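Colleague: Sequence:
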Amino acid sequence: MADLNSFSCFLRGIRRSPERDQGPVPKSPAGRPGPGAYHRSPRSSRRPNVEFLFVVLEAVVFEDELVNNLRPEADMWGTLRPPKTWRGFCSGERAGDVFRYRNGTATSAPEYDWFRPGPGQPGEIVRWNFAALDENGCAYPTYEPCPPHTTRTVFDCGPFLSTVINLRDASVNPMNEEKDGDYHVDEESEGGSESEDESNHGDVDMGGSSSFKELEEQDIDSTDWAVYECTDWHGEKDDELWFRMRFEHDSGVSRISVGDEAELCVAAFNPSWVPTIVSESYLHPGIKQASRGLGGDMAILIGLLALTQAPGHCDDAFAPGMWRRNNWMGKRHPNASRLSKREYPKFVVGLN
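In the numbering used here, the protein residues as written are 74 to 425.
Calculated from the structure, these hints are not laboratory results. Since the structure is predicted, the reported quantities are computational estimates derived from the model, not experimental observations. Worth double-checking, as some hints may not be accurate.
[Stated by the list, open to error] Distance windows between CB atoms, simulated:
| id | residue 1 | residue 2 | range |
| --- | --- | --- | --- |
| 1 | L356 | G165 | 17 to 27 Å |
| 2 | P220 | P358 | 28 to 38 Å |
| 3 | P218 | H357 | 41 to 51 Å |
| 4 | E124 | A383 | 57 to 67 Å |
| 5 | G359 | F203 | 20 to 30 Å |
| 6 | E208 | L337 | 57 to 67 Å |
| 7 | A383 | T178 | 31 to 41 Å |
| 8 | M402 | N209 | 48 to 58 Å |
[Said to hold, decoys possible] Derived lysine to aspartate or glutamate pairs resembling DMTMM-like cross-links, with alpha carbons at most 25 Å apart:
| id | residue 1 | residue 2 |
| --- | --- | --- |
| 9 | K157 | E146 |
| 10 | K404 | D170 |
| 11 | K361 | D323 |
| 12 | K361 | E321 |
| 13 | K404 | E353 |
| 14 | K157 | D170 |
| 15 | K361 | E334 |
| 16 | K361 | D389 |
Cβ atoms here follow ideal geometry from the backbone N, Cα and C, with glycine treated the same way.
Given these sequences and hints, build the entire structure.
Modeller: Listed below in structure tokens is the structure:
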């Protein structure tokens with residue numbers, strides 16, 4: 074059994090590697106993307122090249138409630154919810170290393186770093202130039218920001234409620250965001266083959282494609298989380314929208330999504346990545362389809378991988394050789410969900 078306490082995961086969006094940027098990415102007419110699932114065109118049998126940079130950040134939630142005058146959000150049973158305001162994420166964060174995803178393999182990208190000016194401010198992946206000089210000829214390091222691609226915030230509500238997703242960086246004050254900023258539809262992570270003999274192995278087959286599907290945000294039905302049920306809910310104070318993590322079923326491939334038409338269960342029976350990555354609460358006894366992999370929203374997927382590690386060690390999920398050729402070889406750490414009262418809950422931030 075997977076002991077999943079309210080250890081949360083926060084994602085900072087995918088950034089395309091500069092040398093692989095082939096032009097603008099399709100953008101939703103509404104300016105911000107809807108959160109539905111993404112499909113590769115059935116006419117395309119070849120996987121295109123996909124490359125981007127990402128970073129995972131572990132953020133502390135609710136630990137400075139005396140400073141911000143905030144208390145944890147919880148239902149009548151004490152199940153924690155994400156904060157209703159960005160101030161709930163301002164206790165600090167542990168910035169991880171920057172990694173590069175390229176065609177199914179994740180490697181370290183030490184030439185890049187994460188930079189956030191201050192609490193409530195948008196952060197970004199940057200590349201430092203230590204050879205720069207000021208007007209007096211003295212060393213004056215500068216940085217070049219990478220253009221953002223996708224932002225996701227993921228909060229694990231525990232074993233009894235669904236994981237919930239925010240389509241923006243929930244730690245950023247909305248007043249500090251650019252009103253006309255570019256918000257792009259995420260890349261698809263494409264599931265690969267998983268034979269019946271492999272169904273109990275720890276390897277997870279995951280890959281990527283660069284097809285996009287434009288969806289409008291108004292297609293999403295968000296409702297108040299006023300009772301004990303897994304519904305989308307709305308934090309009215311800062312106009313925050315949180316959506317349940319769902320899965321689109323694609324012939325045994327479970328594609329992570331938050332679209333209304335997706336299912337609240339995985340697409341397969343006894344997949345190898347349950348409960349390592351996804352909680353057992355997403356299994357459905359009536360589904361007998363063999364698993365062919367886990368895919369979908371890449372930003373959410375990378376955050377779920379980070380959650381499999383012990384607090385403070387999220388980067389271990391992307392250690393050398395851990396994610397190669399569309400297979401993630403990691404295991405769930407025994408301390409991934411064992412948090413002290415002072416540490417409870419935590420929040421992980423990822424992907425730029």
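Colleague: Now tell me if each hint is right for this structure.
Modeller: Going through the hints against the structure:
The given range of 17 to 27 Å is broken by L356 and G165, whose C-beta atoms sit roughly 35 Å from each other. The beta-carbon spacing between P220 and P358, approximately 45 Å, falls outside the hinted interval of 28 to 38 Å. In this structure the hint that P218 and H357 lie 41 to 51 Å apart at CB holds, the actual value being about 43 Å. Our hint of 57 to 67 Å for E124 and A383 is violated, since their Cβ atoms are close to 29 Å apart.
The hinted window of 20 to 30 Å between G359 and F203 is violated, with their beta carbons roughly 58 Å apart. Under the hint 57 to 67 Å, the C-beta atoms of E208 and L337, about 59 Å apart, fit the expected range. Distance hint check for A383 and T178: the Cβ-Cβ separation is about 24 Å, which falls outside the suggested range of 31 to 41 Å. At roughly 51 Å, the beta carbons of M402 and N209 sit within the given window of 48 to 58 Å.
At most 25 Å may separate the alpha-carbon atoms for a hinted pair to count; K157 and E146 meet this at roughly 8 Å. Between K404 and D170, the direct Cα distance comes to roughly 20 Å. Compliance with the 25 Å bound is thereby established for this hinted pair. Restraint check for K361 and D323: the C-alpha separation of about 14 Å stays at or below 25 Å, so the hint holds. Among the hinted pairs, K361 with E321 is consistent with the structure: their alpha-carbon atoms are about 16 Å apart, no more than 25 Å.
Proximity of K404 to E353 is assessed by CA-CA distance (about 15 Å); at most 25 Å being required, the pair is judged to hold. For a cut-off of 25 Å, the pair hint linking K157 to D170 is broken: about 28 Å separates their Cα positions. Between K361 and E334 the alpha-carbon distance is near 20 Å, which keeps this suggested pair within the 25 Å criterion. Distance restraint check for K361 and D389: the Cα-Cα separation of roughly 33 Å exceeds the 25 Å cut-off, and the hinted pair is therefore not satisfied.
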